[in-house]
Structure formats: C-alpha cells, structure tokens
Amino acid sequence: MTEVRYTKEHEWVRIDGTTATVGITDFAQGALGDIVFVEVPSAGKDLKAGGEAAVVESVKAASEVYAPLSGKVLEGNAALPDAPETVNKDPQGAGWFFKMQLSNPGELSALMDETAYKAYVAELG
Amino acid sequence: MDDHSTEPLKSTPLEALHVARGGKMVGFAGYNMPVNYPLGVLREHLHTRNAAGLFDVSHMGQAELTGAHVALAMETLIPGDIVGLAAGHIRYSVLTNADGGIIDDLMITKVSDDKLYLVVNAACKDRDFAHIASRLAGRATLTRHDDLALLALQGPKAAQVMARLVPAAANMSFMTSLVDRIGDVPTRLSRSGYTGEDGWEISIPNHAVVEIAEKLLGQPEVQPIGLGARDSLRLEAGLCLYGSDIDTATTPIEGSLAWVIGKRRREEGGFPGADKILDQLKNGAPRRRVGIKPLGRAPARAHTEVQSAEGKRIGEITSGGFGPSYNGPVAMGYVETAYAKPGTPLHLIVRGQAQPAEVCTLPFTPHRYFKP
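Respectively, the protein sequence lines represent chains H and D.
Taken in order, the first sequence gives residues 1 to 125; the numbers are from the numbering used here.
Taken in order, the second sequence gives residues 126 to 497; the numbers are from the numbering used here.
Because the hints were derived from the structure by calculation, they are not lab data.
Built from N, CA and C at the ideal position, the CB exists for glycine as well.
Take the hints with a grain of salt, since some may be wrong.
[Said to hold, decoys possible] Per the computed footprint, the stretches of chain H lying under chain D, defined by three or more beta-carbons under 8 Å from a beta-carbon of chain D, are:
1) 33-39
2) 55-64
[What the hints assert, rightly or not] Some chain H residues flagged as far from chain D (calculated, every beta-carbon gap over 10 Å):
3) Lys8
4) Ile15
5) Thr21
6) Lys72
7) Ala78
8) Lys89
9) Gln101
10) Leu108
11) Glu114
12) Ala119
13) Gly125
Please build the complete structure, drawing on both the sequences and the hints.
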C-alpha cells in the first residue's frame with residue numbers, strides 16, 4: 001500500500017512501508033521552467049528532514065531540493081543528470097530524484113496529503 | 126533579477142500586451158516586466174537564435190543631446206570617438222568616472238553634427254541623464270524621451286520581417302540608424318541589439334507601440350521573448366550586463382572593453398579617468414573579464430568564487446548560467462591577469478565543491494551581425 005505526501009517546498013514523497021521515493025511536484029517544475037541540471041544524492045548518504053538533498057537548476061536559477069524526511073539514500077535517479085528535462089516532462093513519474101530508507105516514519109505526520117497540498121498550491125495562486 | 130525595492134513598479138506601454146500573452150511578470154529595474162511567456166526561457170532563447178524574437182525594452186532610457194559641437198562635448202564624458210563617427214552610425218560606449226570606473230554603458234547614434242541620440246540602461250537612466258546634463262551644461266542640451274518606447278527585433282529572420290514592413294531597413298549595415306515609418310508611425314530603426322544576432326532596436330512613440338508590437342508579433346517568424354532569454358542570449362554572446370559584469374569599480378580595460386577607446390582618444394585622452402585607463406591600456410590591469418567555461422554540467426552563477434588550479438582565490442563569476450544554444454553551462458567573470466589566457470585551468474566553487482573550468486574566448490556563440 002503506497003501513499004503520496006507533499007511538503008511546503010513542493011517535494012512529493014511516495015511512501016512504501018519504510019522506504020520512500022522523492023521528487024518535485026508538477027507545480028514546482030512549472031515554476032522553475034526548463035530544467036537544465038540535476039544533481040542527485042549518492043546511495044548511503046544520510047539525510048535529515050529539511051536538509052539539502054539534491055539540486056535542480058533551470059535556465060533562470062538554481063534551487064535546492066530538501067529531504068522531506070530523515071533517513072539514508074538507497075538510490076539516486078542515475079538517468080536525471082543526463083536527461084534533466086525528464087523532470088519537466090514527468091515530474092511525479094520518471095522524474096523522481098532519489099529513494100530513501102526512512103529512519104523516523106513518525107515525521108510523515110508533518111507532511112500534507114494530496115487534498116491539503118492542492119489547497120496549499122491554490123492559495124499560492 | 127528581481128529587485129526588492131519597495132517603490133511601486135512602473136509600467137511600459139506594453140504591460141497589458143505582456144499579461145495578455147501570458148507573460149510571467151517580475152520587477153526589473155523598477156519596471157513590471159515579463160521574465161518569460163508560456164513558451165519558456167529555453168524555447169524563447171532558441172527561437173530567437175533560429176527565427177526572430179521581439180523584446181520590450183521600453184524601460185531603457187532614451188534621450189537626445191543637442192548642441193553646436195555636441196560630439197566634442199560628449200567626448201568629455203566617454204572614451205569613444207564620436208567626432209569621427211559618420212552621421213547615421215551608432216557607437217557602443219561607456220560613461221566613465223574620474224577613477225576610471227564605468228558609470229554605465231550606452232549606445233550613441235550620430236543623428237547629425239549637432240544632435241546625438243542616446244540609449245542607456247533602465248536602472249541607471251535618471252543618474253546618467255542628470256550626469257550628462259549637468260556635466261555638459263552650457264555646451265549641450267539633453268532632452269529625455271520618456272514619450273518613446275523601444276522594441277528589439279532580434280534573430281536571423283529579423284531581416285525578412287523588417288523588409289516586409291520597411292523596405293529600406295534591409296540594406297542597413299550593423300550599427301547604423303535610420304528614421305523611417307512603419308505604416309504611418311514614425312520610428313527610429315537601429316540595426317543593433319543585445320543577443321549577438323542580426324536585428325533592430327526600434328524607437329516608437331508610446332501611443333503607437335502596441336500597434337507596432339502587434340504588427341511584428343503577427344509575422345509568422347516572430348515570438349515575444351522575455352527578460353530570461355534576453356539574459357541567456359546576451360551571456361552566450363559575451364555581452365556585458367551593467368551592474369553585474371561592469372560597474373563603477375571596473376575600468377574599461379579590466380572589463381575587456383579596450384576596443385571602446387577610440388584611436389585618437391588613446392593619444393589625446395580628455396575623458397574622465399583617462400590617466401588610469403590609458404595607463405592600464407599600456408601597462409596592463411590587475412584583473413580582466415574573461416569567458417569561463419565550466420567543464421562539467423553544473424552551471425556556476427554570479428558571485429561563484431574562482432580559484433586557480435592550485436586552489437588560490439583569483440576572482441569571481443559575474444554572470445553565469447546555462448547556454449541553451451551552446452547546450453552547456455556558460456559564464457564570464459574576473460580573474461587576476463596572470464590567469465586570463467584562454468585555456469587556463471580554473472576551479473569554480475559551486476555549493477562548496479571545486480568544479481573544473483577553463484578560461485575561454487568570448488562569445489560562446491558566434492556573432493551574426495549584418496555587415497554587407
């Protein structure tokens with residue numbers, strides 16, 4: 001059973017037991033514009049919820065991708081550095097950034113579900 | 126490029142057109158301007174290099190300077206040769222201060238022996254015009270043209286578009302200027318721009334600029350282009366952004382703009398900061414603006430620290446990002462002169478990590494100006 005949660009920084013997290021897949025939302029890719037560079041974390045890297053985990057750059061600017069939850073990186077999406085435009089085309093599918101093993105699943109309660117995230121985005125205009 | 130002033134943003138006469146065409150509006154130099162349209166920065170950039178892009182640059186400052194010996198008067202403020210400039214021709218120059226620093230860069234058109242037409246940067250225009258008017262008081266009269274808007278049509282297909290609207294425009298050479306009508310509207314057409322491509326900057330009365338912009342956008346080759354692509358286009362073309370790549374703390378020699386100093390002016394001097402600038406021209410400057418090519422994929426943005434291959438801090442990136450036509454990261458910045466030779470290995474400190482780079486010649490994409 002999987003569920004998807006969202007952060008205020010426009011990351012999505014697909015939870016599957018104690019592992020999670022992380023990416024940026026369609027809203028985020030739209031706001032960034034054409035993505036030209038992605039840096040994903042290596043397997044084994046320890047992440048702290050709210051800490052910097054990955055980098056995404058559009059023609060306009062560089063942005064950080066934050067770890068939505070604490071844990072250890074299982075895998076970075078090796079396809080993204082060579083095809084960063086995948087994040088624009090399929091942000092919540094093939095454009096995932098990294099997978100992680102959660103160390104504190106209790107942190108999940110701080111994230112938004114889809115309804116709450118949609119309301120949050122609507123408020124941003 | 127957002128600015129954080131609390132002053133309300135000013136509008137150009139094309140603001141409603143930008144919004145109607147889906148422009149994403151941001152504050153820039155005090156104006157509410159489109160950073161991109163729905164096409165997006167990347168495709169807007171590529172469209173300009175492949176076809177033609179239309180830019181609203183009405184925020185820039187336009188003025189006329191008149192006086193019996195106006196060229197000679199203007200030469201007291203800039204290192205360029207304006208006396209020797211033929212009527213109908215344009216020269217890029219810089220206003221310098223007594224320390225040899227650059228107050229602004231500008232375009233100067235010789236309309237006639239007693240009249241020049243000036244275009245200066247939006248963020249500097251009030252200061253520039255006050256400076257010119259006060260320094261030349263009694264010798265020349267400056268008239269601001271806040272009644273004029275400015276469009277730029279840029280790209281390899283700009284010529285076929287202009288030929289359709291103004292037949293005489295097609296024969297103009299790069300850096301010449303012509304007064305002609307588009308339909309019934311009086312315009313000044315300058316074959317110049319800020320993209321490295323062929324094209325025109327078109328000065329138009331405010332009340333007619335929407336009509337002309339719509340006419341240009343109605344041509345099949347033309348798309349509206351925002352400030353985002355304007356910046357990536359000029360960076361690939363190796364052109365300076367005032368306030369980032371050159372400012373009052375950089376001299377024309379440090380800024381690799383020695384070519385703006387006219388031959389006669391090198392001998393005669395007579396412009397602000399001439400002692401320092403001519404000394405640097407002869408003996409070298411401590412640092413130079415150079416092209417910088419990151420060797421990996423990561424763009425290095427403005428203010429990135431530049432180190433030598435041995436890890437010594439030698440300068441800073443002043444403009445950097447991704448070049449859509451170059452299809453890789455591109456940058457320019459200042460390095461100590463000993464490291465300014467093309468091919469010199471550098472390290473760029475991006476997010477705390479040293480990334481390999483090298484000094485390269487500018488531009489990143491060849492200029493394609495029209496010089497028959």
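Okay, the hints, checked on the actual structure:
no., hint, in the structure
1, 33-39, "holds (count 5)"
2, 55-64, "holds (count 7)"
3, Lys8, "holds (21 Å)"
4, Ile15, "holds (28 Å)"
5, Thr21, "holds (23 Å)"
6, Lys72, "holds (21 Å)"
7, Ala78, "holds (14 Å)"
8, Lys89, "holds (13 Å)"
9, Gln101, "holds (24 Å)"
10, Leu108, "holds (28 Å)"
11, Glu114, "holds (26 Å)"
12, Ala119, "holds (23 Å)"
13, Gly125, "holds (12 Å)"
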